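Guided by the hints, dock chain C onto chain G, whose structure is given.
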Amino acid sequence: MRNIFLFIRIYFNFLFFLFLMGISLFMLFNYNRYQHTVYSATAGEITGRISKQYNDVEYYFQLKKTNDSLVKANAVLYNKLKQDYEMPDTVSKLAVDTIQIDTILHQRKYLYLPAKVVGNSVSQPNNYLQIHRGSLQGVSADLGVTDINNYVVGTVVDVSKNYSVVMSLLHRQSNISAKLKKTGETGSVIWDGVKPNVVILKDISKEVKVAKGDSVITSGFSDKFPLGLLIGTVTEIVNDKTSSTYTIKVKTAANFYNLQYVNIINNLQKDEPKQLLKSVKKINE
Amino acid sequence: MSSLLKNIIRFSFFILVQVYVLNQVPPLHHLVTPYVYFLFILWLPFKIGRRALMLLAFAIGFCLDCFMKTYGLHTAPCVLIAYLRPFLINLLISQEGAESNYNEPSIKSMGFTPYFTYVAILTLLHHFLLFFLQALQMGGYFYFILKTLLSSAISLLLILLTELLFVRKQRFRTNTV
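As they're listed, the protein sequences go chains G and C.
The UniProt record's numbering numbers the first residue of the first sequence as 1 and each following residue consecutively.
The UniProt record's numbering numbers the first residue of the second sequence as 1 and each following residue consecutively.
These are calculated hints, taken from the structure and not from any lab test.
No experiment lies behind these values; they were computed from the predicted model shown.
All C-beta atoms in this analysis are idealised placements derived from N, C-alpha and C, irrespective of residue type, glycine included.
It is possible that some hints are incorrect.
Per label pair, the in silico range of CB-to-CB distance [stated by the list, open to error]:
1. 146(C) <-> 233(G): 28 to 36 Å
2. 235(G) <-> 26(C): 16 to 24 Å
3. 136(C) <-> 116(G): 43 to 51 Å
4. 56(G) <-> 160(C): 53 to 61 Å
5. 68(G) <-> 22(C): 26 to 34 Å
6. 87(G) <-> 140(C): 25 to 33 Å
7. 28(C) <-> 285(G): 19 to 27 Å
8. 108(G) <-> 165(C): 50 to 58 Å
Pulled a few chain C residues facing chain G out of the computed Cβ check, cut under 8 Å [as the list claims (entries may be wrong)]:
9. 27
10. 54
11. 67
12. 73
13. 76
14. 80
15. 132
16. 133
This is chain G alone, in the form it adopts within the complex (with noise of 0.2 Å):
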C-alpha cells in the first residue's frame, strides 16, 4: 500500500498528465452530431454572445454583397408569381391555386425561419456555422438549413437557448440524399475535405449520362429537405475504374465565403412516417 502512495507522489505529474489527456481524448472522440454532450449548450450560448459581437461589424463589410443576393432571391420569387404565365390557347388552362389558407398548420410541410449567421469557417477539415436562432425561437437538431437563395447549405447540430451551431456541407460527416435534375438518379452529396465550395457526388451508376454543368439537387427522400433545392453543378466526372459508380464534383451553389442570412426549414410533418418506419422495423424484429 505504501508503495502505491509512494509511487502516484513520485509520478504525479505524469498520472495528471494521462488524466487531462484522457478527458480531452474522450470529448473528441464522445462529441458526434448525434449525442448532445452537457458542456455544449453552455458553451454554445456564451462564444455564440462573442460571435455576434464580432459578427455585427463584420457584417457591414457584407452589406453590398448581401444586399446583391437578397435583391436576387427577390426576383427568383417574382417570377413565380401567377400573373407572369399567361396562356394563349384555350386547350391548356391555368388551375387557380385551390389549397385554402391555412390557419391550423394543417397542410403546411415545411415552415422556413430565417436565421442571422455568426460565426462561420470554410477552412477546418470539419466546418460549422453558427447561428442566432435556438431552442427558444423554434429550431431542434436535424433540421436542414438553405442561404436566402434557397442553395442548401447543411444541417442543425447542436442547439442552445437561443444560438443553434449548423454542420455545413463542408464537413467529413456531412451526408444528404441527392439527386441529378437532368436524369433524376439518385445519390449521396459528401465531402472529402480538400477544397471548399466542391463536394462530391456518389453512388451515381455509370449507365447514367452525366455532364459538365448538369444540376445536382434535394432528392427529397429524407425528411430534412423538400424535393428540388439546388445543391450545386457538376464541374468534373471522375471515372474511377475498379467501382461501378462515377464520383462526381460538384460545386455548391451556396457560397459559403459570405453567407450572412440563412433559412432554417422545420418539416412539421416528419413524426409520422418517422414513427411508422418505427413500427414497420419493430415488427420485423
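For chain C alone, coordinates are given in the frame of chain G:
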C-alpha cells in the same frame, strides 16, 4: 503590470486572434492552417508549477475548442506540449541561472538558437498531434504528414513575426530568489 493580469490579457488576445483572424482568413492552401494561440503556453513564466501549467494549457485548448466546436481536438495537443515544456527548457537552457534571472522564456533569456529550437519542437509536436487526431477521424496519412510540415512552417513564420513585432521587455532580476 502583474504577471497574472498580463497572462489573462494574453489568453484572451490569443484566443480572439486565433478565432477571428487566423481562422477567418481564406486559407492559402488546404494544406495550410496556421496556429499561434499555443504561444500562450510557451510564454508562461519559468516558475509556474507543472500541474498549473497543464491546467492552463487544458483551459486554453478547451476555450479554442468551444469556438471551433471540435471539443478535445485542440485540448489534447496543448496538454501534451505543456507536459513536455519543462523537460525541453531544462535541456535547452544554456545561461547559468537564466530561469531565476528572467521571468519567462524569450529570445533574451534563452538565446536565439535555444529559444527557437524550443518553439520549433513544441510547434511541430502540437501540429503533429493535432493533425494526427484529425487524420484518425478522416484518414489520409500522406496528406496528414504534408499538412503537419507545411502548417508548422507557416505557424513558425507567424510566431517569428509575433516575436519581432511584440518585443517582450525582460528585466534582469539581480537578486535571484
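Checking hints one by one. Is residue 54(C) an interface residue toward chain G, by the C-beta closer than 8 Å rule? holds (6 Å)
Satisfaction of the hinted span 53 to 61 Å by the C-beta atoms belonging to residue 56(G) and residue 160(C): Violated - the Cβ-Cβ distance for residue 56(G) and residue 160(C), about 33 Å, lies outside 53 to 61 Å.
Do the Cβ positions of residue 28(C) and residue 285(G) conform to the proposed distance bound of 19 to 27 Å? Violated, at about 53 Å.
So, residue 76(C) near chain G? Judge it on the closest CB pair being under 8 Å. holds (4 Å)
Classify the hint on residue 80(C) as holds or violated, based on whether any CB of chain G lies nearer than 8 Å to its CB. This hint holds: residue 80(C) lies near chain G, its Cβ roughly 7 Å from the closest one there, short of 8 Å.
Under 8 Å is the threshold here; is the Cβ of residue 73(C) close enough to any Cβ of chain G for the hint to stand? holds (6 Å)
Look at the Cβ atoms of residue 68(G) and residue 22(C) and judge whether their distance stays inside 26 to 34 Å. Given about 28 Å between the Cβ atoms, the range holds.
Is the distance from the Cβ of residue 108(G) to the Cβ of residue 165(C) consistent with 50 to 58 Å? holds (57 Å)
Given a cut of 8 Å on the nearest C-beta pair, is the interface hint for residue 27(C) held or broken against chain G? holds (4 Å)
Just tell me: holds or violated, for the beta carbon distance of residue 136(C) and residue 116(G) against 43 to 51 Å? Violated, at about 35 Å.
Interface restraint verdict for residue 67(C) against chain G (beta-carbon cut-off 8 Å): OK, holds: residue 67(C) within 8 Å of chain G, min 5 Å.
Looking only at beta-carbon atoms, does the pair residue 146(C), residue 233(G) fall within the given range of 28 to 36 Å? holds (30 Å)
In this structure, the earlier hints numbered 3, 4, 6, 7, 15 are contradicted, and the remaining ones agree with it.
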